[in-house]
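For the sequence shown, our numbering begins at 1 and goes up steadily by one.
Think of the hints as simulated: they come from the structure by calculation, not from any bench. Among the hints, a few may not be true.
Said to hold, decoys possible - Just the calculated beta-carbon pair ranges, DEER-fashion:
1. 89 to 173: 54 to 60 Å
2. 56 to 138: 41 to 47 Å
3. 199 to 65: 16 to 22 Å
4. 84 to 48: 16 to 22 Å
5. 115 to 86: 41 to 47 Å
6. 125 to 59: 37 to 43 Å
Cβ atoms here follow ideal geometry from the backbone N, Cα and C, with glycine treated the same way.
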Amino acid sequence: MTGTARSGVLSAVGRIRVAAAAPDWRAVFAGALAKEVDERRFFLWIPVAAMGGVALNMSADREPALWLPALLAAAFATLAFLTRARPVALGVSIALAALFAGFLSMGLRTARVATPMLDHVRIVKLQGFVEEVDIRPVGARLVLSVVDAGDMPGEFRPRRVRVTTRKAPNVSAGDYVALQARLLPPSRAVLPGGYDFARDAYFAGVGAVGSTLGAIS
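Working from the sequences, and respecting the hints, build out all of it.
The following block contains the structure:
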């Protein structure tokens, strides 16, 4: 036997030994899945997978289309039913169905609470109903449900605004008021992964923040 042939044989034997020593990950996963099912813990991982889909949706740079996650969630749910006799395929299918269902639910939630957001700094005259009054040591913070915002373009006219005052106003929740305010868009996260006030304001229906100019009537 030549040196080249001997090296080839030794290499093949080495690969066989490595393959024999390597764990069968499919069997390991199937065993772990069977244990979770037997101990009635498998269903606890479904919300975890769904929250993974929610996190993926919220990390998107722009609002994703909803037809694709809806299609994938239905497809993997169907696949889970068809592969219910095969533990590994069943577990993977359920996890992926939950993942895309979570992604879809977050997209539907975003669409349901969609609110116009102010485009840039504006000084406007507002009329509306006071929803919340938060009295502070200096001034107060009001949440106003906007009824009239003058000539502000409709696509940027917020339904709710949050404004601060320098003095505590003589108003209560439910009062109809008129005021002038300097409004600006809610601030976004300064650092990657930091607190994103604009996102929280969006889901709260607040499309602008700012401060009052003059008295509230």
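C-beta pair residue 56, residue 138: status relative to the range 41 to 47 Å that was hinted: The hinted range 41 to 47 Å holds for residue 56 and residue 138, with Cβ atoms some 42 Å apart.
Outcome for the supplied range 16 to 22 Å, where the beta carbon pair is residue 84 and residue 48: Because 21 Å falls inside the window, the suggested range holds.
Cβ distance range 37 to 43 Å for residue 125 and residue 59, holds or violated: Since the Cβ atoms of residue 125 and residue 59 sit about 38 Å apart, the hinted range of 37 to 43 Å holds.
Hint check for residue 173 and residue 89 - Cβ pair distance inside 54 to 60 Å: The hinted range 54 to 60 Å holds for residue 89 and residue 173, with Cβ atoms some 55 Å apart.
16 to 22 Å as the expected CB spacing between residue 65 and residue 199, which holds or is violated: 19 Å, holds
CB-CB spacing for residue 86 and residue 115 relative to the 41 to 47 Å hint: With Cβ atoms ~46 Å apart, the hint holds.
Of the hints listed earlier, there is not a single one the structure fails to meet.
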